[in-house]
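Assembly of the complex is requested from the two constituent chains, each provided in isolation within its own frame, with the hints serving as guidance.
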Amino acid sequence: DAGVTQSPTHLIKTRGQQVTLRCSPKSGHDTVSWYQQALGQGPQFIFQYYEEEERQRGNFPDRFSGHQFPNYSSELNVNALLLGDSALYLCASSLLAGALNQPQHFGDGTRLSIL
Amino acid sequence: GNSVTQMEGPVTLSEEAFLTINCTYTATGYPSLFWYVQYPGEGLQLLLKATKADDKGSNKGFEATYRKETTSFHLEKGSVQVSDSAVYFCALSAPAYNNNDMRFGAGTRLTVKP
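Protein sequence lines, in the order shown, are assigned to chains P and F.
With the numbering used here, the residue at position 65 of the first sequence is 133, and numbering never jumps.
With the numbering used here, the residue at position 66 of the second sequence is 81, and numbering never jumps.
Some hints could be false.
[As the list claims (entries may be wrong)] Example chain P residues on the side facing chain F (calculated, C-beta under 7 Å, incomplete):
1) Gly110
2) Pro111
3) Phe115
4) Glu121
5) Leu158
6) Pro171
7) Gly177
[Said to hold, decoys possible] Below, computed lysine-lysine pairings styled on DSSO-like, alpha-carbon distance capped at 30 Å:
8) Lys128/F <-> Lys83/F
9) Lys94/P <-> Lys71/F
10) Lys83/F <-> Lys67/F
11) Lys92/F <-> Lys128/F
12) Lys92/F <-> Lys81/P
13) Lys92/F <-> Lys67/F
14) Lys92/F <-> Lys75/F
15) Lys94/P <-> Lys128/F
16) Lys94/P <-> Lys81/P
[Claimed, not checked] Here are the simulated distance ranges between beta carbons:
17) Asn17/F <-> Leu164/P: 39 to 49 Å
18) Asp98/P <-> Tyr45/F: 22 to 32 Å
19) Ser29/F <-> Arg90/P: 22 to 32 Å
20) Ser73/F <-> Thr88/P: 37 to 47 Å
Hints listed in this document are in silico derivations from the structure and should not be mistaken for laboratory results.
This structure is a prediction, so every number in the text was calculated from the model and none was measured.
From the three backbone atoms N, C-alpha and C, an ideal C-beta is built for every residue, glycine too.
If we strip away everything but chain F, and leave its shape as in the complex, we get (with noise of 0.2 Å):
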């Protein structure tokens, strides 16, 4: 079935240390996938999402290439700060046009120190 594995957490970096987050997935047919944040006592929010292969999403710094070679879809920031200290999901939607059936992985918590 189709599922999503991202690296375990916690991570901890200094404030404008380089981040990345891995995330591989397995589905059949071709995904969409996702990276969303939760930060503290809220919902998920969508952080940046690829709809196919070689397809790079970004927002707020944070990027991520979707690889169908390698099934991945790592999560990388340049220069992290505090205040993205949060928990970040990775997820798919797969068939691609069928939003309905979302698998994420178990969370990877990042905290960022000043």
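Just chain P, with the same shape it has in the complex (with noise of 0.2 Å):
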């Protein structure tokens, strides 16, 4: 059983450019949701994915946008690259059931350094 996969592992690119962050989730999972994580600091959240809309966005400018396709995965697009965008990308899933309290279960991320 497949958990979370993220693609690419790692990623450089210079300010300006344009980024694309690809994510499939756990088997049976519907939600995915997206989280930065600078440097020696807690993962914050960006944004959530649910039937292929944004269900709830975090304190993350337009800049950050995202995308659910119908087989549920999810890619993440930053625009305008900044040196503070500098981070690991994380990407978890999730199953969307009312009150089961249903962990998220992270991928691995993926590193992107703005040069």
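This is the structure we're talking about:
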């Protein structure tokens, strides 16, 4: 049973460029959340997708956008990259199942470095 | 707003020592509480969880009890091993039925020496 998979593992970009990160959720999960984890910090919630729509969003600018596909996989897009966007980007999947308190399952992340 | 505060690290212990990592939270409603662990170069793995007051989560010798009166969820282990060296994150999701608003603490790095 495959867990959450993310690609690529590492990525190097320069300021002003655009980047797309990809995530495949754990089998059976229908909800994907994205987090940004700066070095030495805890993950910060970016947004969550369910039924191909953005369900909730954290405190991130519009340069951060996403998409969810019918097979539940997801992409995170970041435009006009800044040096401060350098971080580990984590994808987490879960089953949106009411009161079951389902925990989120995380992928190993994409390490994005901005030069 | 909802937030989690955990003790600052790093924490360095000798093998077989007792571990406590403090975590307190602020939340509206009745959150679920979690401890995640992150090994070098990896994502976060769920270590344990508790979904209501007085619940005790436990896994791999780690325990944490959901204390509503003190808004705390401290992580404990009676005898740590070198393999427990990692970064530990306390987290909450609130309201409890809606796990899309997950907040994490800053993490506590634990190093266990042989």
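Hint check results:
| no. | hint | verdict |
| --- | --- | --- |
| 1 | Gly110 | holds, 4 Å |
| 2 | Pro111 | holds, 5 Å |
| 3 | Phe115 | violated, 9 Å |
| 4 | Glu121 | violated, 12 Å |
| 5 | Leu158 | holds, 6 Å |
| 6 | Pro171 | holds, 5 Å |
| 7 | Gly177 | holds, 5 Å |
| 8 | Lys128/F <-> Lys83/F | violated, 34 Å |
| 9 | Lys94/P <-> Lys71/F | holds, 27 Å |
| 10 | Lys83/F <-> Lys67/F | holds, 8 Å |
| 11 | Lys92/F <-> Lys128/F | holds, 15 Å |
| 12 | Lys92/F <-> Lys81/P | violated, 42 Å |
| 13 | Lys92/F <-> Lys67/F | holds, 21 Å |
| 14 | Lys92/F <-> Lys75/F | holds, 9 Å |
| 15 | Lys94/P <-> Lys128/F | violated, 35 Å |
| 16 | Lys94/P <-> Lys81/P | holds, 28 Å |
| 17 | Asn17/F <-> Leu164/P: 39 to 49 Å | violated, 19 Å |
| 18 | Asp98/P <-> Tyr45/F: 22 to 32 Å | holds, 24 Å |
| 19 | Ser29/F <-> Arg90/P: 22 to 32 Å | violated, 42 Å |
| 20 | Ser73/F <-> Thr88/P: 37 to 47 Å | holds, 40 Å |
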